[in-house]
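Hey, can you work out the whole structure from these sequences and the hints?
If you want the building blocks of each chain, they are given just below.
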Amino acid sequence: MSLVAGCDVGSTTGKAVILKDGEICSYAIIQCTPSPVKTAQLVMAEAARKAGLSGTEQLAYIIGTGYGRMKIPFANENVSEITCHGAGAHWLCPSVRTIIDIGGQDCKVISLNNEGRVIDFVMNDKCAAGTGRFLEAMTRVLSLSLEELSNISLEATSPANITSQCSVFSESEVITLLNEGREVPDVAAGIHLAVANRLLALVKKVGQQPDLAVAGGCAKNTGLIKILAEKLNMPIVALPRDPQIIGALGAAVLAGQKAG
Amino acid sequence: MVEIKPFNPEQTQKLVETLALAPMLGEIVPSERSMGVVATALADYYRSILSAVENGKPIVLQQLCVGPELFYAFDVQPVNPEAWAAVPLLTNPEMAVPYLEIAENAGVAADLCSVNRTMIGELIGGSIPRPDFITWASQPCDSIKVGYYIAKYLTGVPMFFIDSPQWDTPECLDYYAHQVRQLIVFLEEQTGRKLDWDRLKEVVEESNRAVEYIIELNELRKLVPCPSDSRVPTYLFITFMTMLGLPGATAMYKAFRDEAKERAQKKEGVVPEEKIRGIWFSIMVPWDLFWQNWLQEELGHVNVMDMFGYLTALPIDTSTPDKLIRGLAERWHMAVPMGRQARGIVDSYFNDFLYVYEEWKGDCLILAGNSGCRWLKGAYGMLREICREREIPALQFDIDIFDPRFVSAQAYRGQVEDFLTTVVMPAKAAKKR
Ligand code: SF4
Chain A
1 MSLVAGCDVG STTGKAVILK DGEICSYAII QCTPSPVKTA QLVMAEAARK
51 AGLSGTEQLA YIIGTGYGRM KIPFANENVS EITCHGAGAH WLCPSVRTII
101 DIGGQDCKVI SLNNEGRVID FVMNDKCAAG TGRFLEAMTR VLSLSLEELS
151 NISLEATSPA NITSQCSVFS ESEVITLLNE GREVPDVAAG IHLAVANRLL
201 ALVKKVGQQP DLAVAGGCAK NTGLIKILAE KLNMPIVALP RDPQIIGALG
251 AAVLAGQKAG
Chain B
1 MVEIKPFNPE QTQKLVETLA LAPMLGEIVP SERSMGVVAT ALADYYRSIL
51 SAVENGKPIV LQQLCVGPEL FYAFDVQPVN PEAWAAVPLL TNPEMAVPYL
101 EIAENAGVAA DLCSVNRTMI GELIGGSIPR PDFITWASQP CDSIKVGYYI
151 AKYLTGVPMF FIDSPQWDTP ECLDYYAHQV RQLIVFLEEQ TGRKLDWDRL
201 KEVVEESNRA VEYIIELNEL RKLVPCPSDS RVPTYLFITF MTMLGLPGAT
251 AMYKAFRDEA KERAQKKEGV VPEEKIRGIW FSIMVPWDLF WQNWLQEELG
301 HVNVMDMFGY LTALPIDTST PDKLIRGLAE RWHMAVPMGR QARGIVDSYF
351 NDFLYVYEEW KGDCLILAGN SGCRWLKGAY GMLREICRER EIPALQFDID
401 IFDPRFVSAQ AYRGQVEDFL TTVVMPAKAA KKR
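Residue numbers (our numbering), protein chains in the order written: chain A, 1 to 260; chain B, 1 to 433.
Keep in mind the hints are simulated off the structure, nothing from the lab.
Bear in mind that the values here come from a model prediction, so they are computed numbers and not experimental data.
Some clues are possibly wrong.
[Claimed, not checked] When the alpha-carbon atoms are kept at most 25 Å apart in a straight line, the in silico DSS-like pairs for lysine-lysine are as follows:
id, chain 1, residue 1, chain 2, residue 2
1, A, Lys20, A, Lys50
2, B, Lys57, B, Lys5
3, A, Lys258, B, Lys432
4, A, Lys220, A, Lys204
5, B, Lys377, A, Lys204
6, A, Lys231, A, Lys204
7, B, Lys323, B, Lys201
8, B, Lys5, B, Lys152
9, B, Lys428, A, Lys258
10, B, Lys275, B, Lys431
11, B, Lys222, B, Lys361
12, B, Lys377, B, Lys145
13, B, Lys323, A, Lys258
14, B, Lys431, B, Lys222
15, A, Lys258, B, Lys275
Laid out in C-alpha cells, this is it:
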C-alpha cells in the first residue's frame with residue numbers, strides 16, 4: 001500500500017490531500033491560522049484522521065505547496081503552486097489545457113500541453129481585484145454571504161458596470177449603485193463581471209485553449225462561473241473533485257511519482 | 001515655483017567610497033571581478049563630476065540618447081541622470097525612494113516613469129549637480145519628454161533638444177545629423193569655445209576602440225556555455241551612455257572581453273553548469289541586480305543577452321567631419337538600448353528579440369514590465385504572442401524600474417523562479433527527449 005500526501009498552505013485556506021494507491025483517499029480544507037506551520041499541521045492532521053491514519057508517519061512522501069510552502073515542517077520537499085495546479089488538473093481531467101486559479105489573494109492562469117506540462121503562466125499578485133479577497137470585500141458591502149452573492153447574481157437582468165481595477169474604488173461604486181436604486185442581483189452580477197473581466201485579460205496573455213477549468217474556492221461560485229464562461233465564449237469544464245483542492249492534489253500526485 | 005536645493009556632494013562622495021571598495025571584493029570573490037572593474041570606472045566618472053562642480057567646469061544634463069562623445073570633446077562634464085539614479089541602487093535598493101517622494105510632493109504625476117521622476121526629485125533635492133545646460137533627444141518615450149521639460153522649468157538653464165525621427169532611412173539619418181551639427185553650434189555658444197575637430201576625432205577613435213571590445217565581448221557571450229556574467233550587459237549600457245570615448249571605459253570593456261575570452265579559451269562558462277540561457281529583453285531590475293548572481297549560482301540561469309546589452313553600435317568613420325557627424329547620428333539614433341526599442345516602431349523591437357534569441361541561443365524570454373512604461377509594456381503582449389507561436393517560453397512580470405516598493409523583490413523573484421523551474425527547465429528536458 002502506498003500512501004502519499006500534498007499540503008497546500010494558501011493565503012486564506014489550508015488544504016491537504018492523501019492518495020492511497022493512486023486514488024484520493026481523503027482531503028481536508030481549513031481556514032488559515034496566523035501561523036502557516038500551524039495551518040499545515042492542522043489540515044494534515046484532519047486529512048490523516050479522515051483517512052484513518054494516526055499521523056503523518058505512515059505517509060511515504062509529502063509535498064508542500066502554496067504561499068506558505070516553505071514553512072511546512074513535515075514536507076519532504078516543496079513545489080510551486082503553478083506546477084501543482086497543473087499536475088492536479090491534468091490528473092483529474094487530462095483534456096484541460098487552461099486553468100484559471102482564483103486564490104484568496106492572487107489569481108493565475110496556467111497553460112498546459114497535452115502531457116500536462118506547464119508551458120506558460122501569468123499571475124496577478126499585486127492587486128486584490130480578480131481574487132477571492134475582492135469578492136469577500138463586496139459581500140461585506142452587500143451584507144451577503146459568498147453563497148448568497150453567487151446565487152443572487154443569477155437573477156440579474158442587467159448587470160451593473162463596476163471597475164475591474166481596484167477593490168477600494170469598487171466598494172464605493174457598489175455603494176453608489178445601491179444608493180441609486182440598482183437591484184442587488186444586477187450589482188452582484190456586476191461584481192462578478194468585474195472579476196471576469198480581470199481574469200479575461202490574464203487568460204488572453206497566455207492564450208485561451210480548450211478545455212478550460214477553474215480551480216480555487218471561487219470555482220464554486222456558480223454566478224461567477226456563468227459570467228466568466230460568457231466572457232470567454234467557451235464552456236468551463238467542471239472538475240470532478242472539489243476545485244479548491246487542486247493544488248494539494250497536484251502536490252500529492254507529484255509525491256506519488258517521487259515515492260515511486 | 002519649486003525651489004531647488006544647492007548640490008550636496010555627500011551622497012556622491014559616499015558612493016565613490018563604496019565603489020572604490022568593489023575591486024577588493026573582486027579579489028576575494030572571483031565572481032565579483034567584473035563588478036570590481038566597472039566600479040573603478042564608475043568611481044572615476046563620479047570623481048570627475050565632483051571635480052567639475054568644484055572647479056566650475058560646465059556641466060550638461062545629458063539624456064541617454066545623446067551620447068557623451070561630443071561633450072568630452074568640448075571638455076564639458078556630462079551628467080547622465082538615468083545612470084546617476086541607477087548606479088546607487090547597486091549599493092542601496094531604496095536609494096531612489098526619497099527622490100521619488102520629493103518629485104511627487106512637488107506635483108509630478110506618480111504614473112510618470114520613475115526614471116524621470118527620480119531625476120526631478122534629485123534636481124529638487126540637490127543630489128544631482130545643477131547643470132549649466134540640458135540636452136536630450138525625443139526618443140525613447142513621452143515620459144522622457146515630460147521629464148526633461150520639467151528639468152528645464154526647474155533649472156531655467158538653456159536646453160537643446162534633438163527631434164528623433166521615427167524611422168532609420170537615409171533621410172531620417174540626414175535629419176538627425178543636421179541636428180548634431182546644430183548641437184555643436186549650441187555647445188559653442190554655451191562654452192564660448194569652437195569645437196576642436198581633432199579632439200573630437202580623438203574621442204571618437206577612443207570610442208571606436210571601446211565599441212570593438214563590446215562587439216567582441218558580445219560575440220563571446222554567444223558561446224555555450226556563456227563565459228561572461230549576467231550583469232555585464234547592464235554595466236555595458238550604463239557606461240556606454242556615460243563614459244564612451246574615455247580611456248577608462250575602453251579599459252573596462254577590454255577587461256570584460258579579456259575575462260570572457262580567458263574562460264572561453266578554457267571552454268569554461270561563468271557558471272560551472274549552465275542550465276538556462278535567458279534573454280531579458282526588457283528593462284532590468286537595477287535595484288536587485290545582484291539577484292542575477294543567485295540565479296546563476298543556484299539555478300544555472302545565465303542572462304546571456306538582454307535589451308541593454310544588445311549594443312548595435314559600430315565604429316565610426318572619422319576620416320571627414322561629415323562622416324564623423326553622420327556616424328554619431330547613427331549611433332545615438334539607432335544603437336542606444338531602450339532608445340532603439342521603445343521609440344514606437346514595434347517591428348524593430350520584435351525583430352531584434354528574434355535575432356538575439358537565435359544568435360545568443362536563448363532558451364526563454366523574460367520581460368520585466370516597468371510600471372510607468374507604456375511604450376515597452378504595450379509591445380509585450382504582442383511579443384508574448386510571437387513567442388507562443390514559436391513555442392518560446394516567455395514570462396512577463398510587473399515591477400518598477402527604480403522603486404522597490406511597487407512590487408517587492410520577493411514577489412517578482414518568485415515568479416521568475418517558478419518560470420525557470422516549472423516552464424523552462426521541463427521544456428528544455430522535453431526538447432532533448
Ligand atoms: S522605462 Fe520606458 S518610460 Fe521609462 S524611460 Fe525607458 S522607455 Fe521611457
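Hints, one by one, checked against the model:
no.	hint	result
1	Lys20(A) to Lys50(A)	12 Å, holds
2	Lys57(B) to Lys5(B)	20 Å, holds
3	Lys258(A) to Lys432(B)	22 Å, holds
4	Lys220(A) to Lys204(A)	23 Å, holds
5	Lys377(B) to Lys204(A)	15 Å, holds
6	Lys231(A) to Lys204(A)	11 Å, holds
7	Lys323(B) to Lys201(B)	11 Å, holds
8	Lys5(B) to Lys152(B)	15 Å, holds
9	Lys428(B) to Lys258(A)	21 Å, holds
10	Lys275(B) to Lys431(B)	13 Å, holds
11	Lys222(B) to Lys361(B)	7 Å, holds
12	Lys377(B) to Lys145(B)	18 Å, holds
13	Lys323(B) to Lys258(A)	66 Å, violated
14	Lys431(B) to Lys222(B)	20 Å, holds
15	Lys258(A) to Lys275(B)	22 Å, holds
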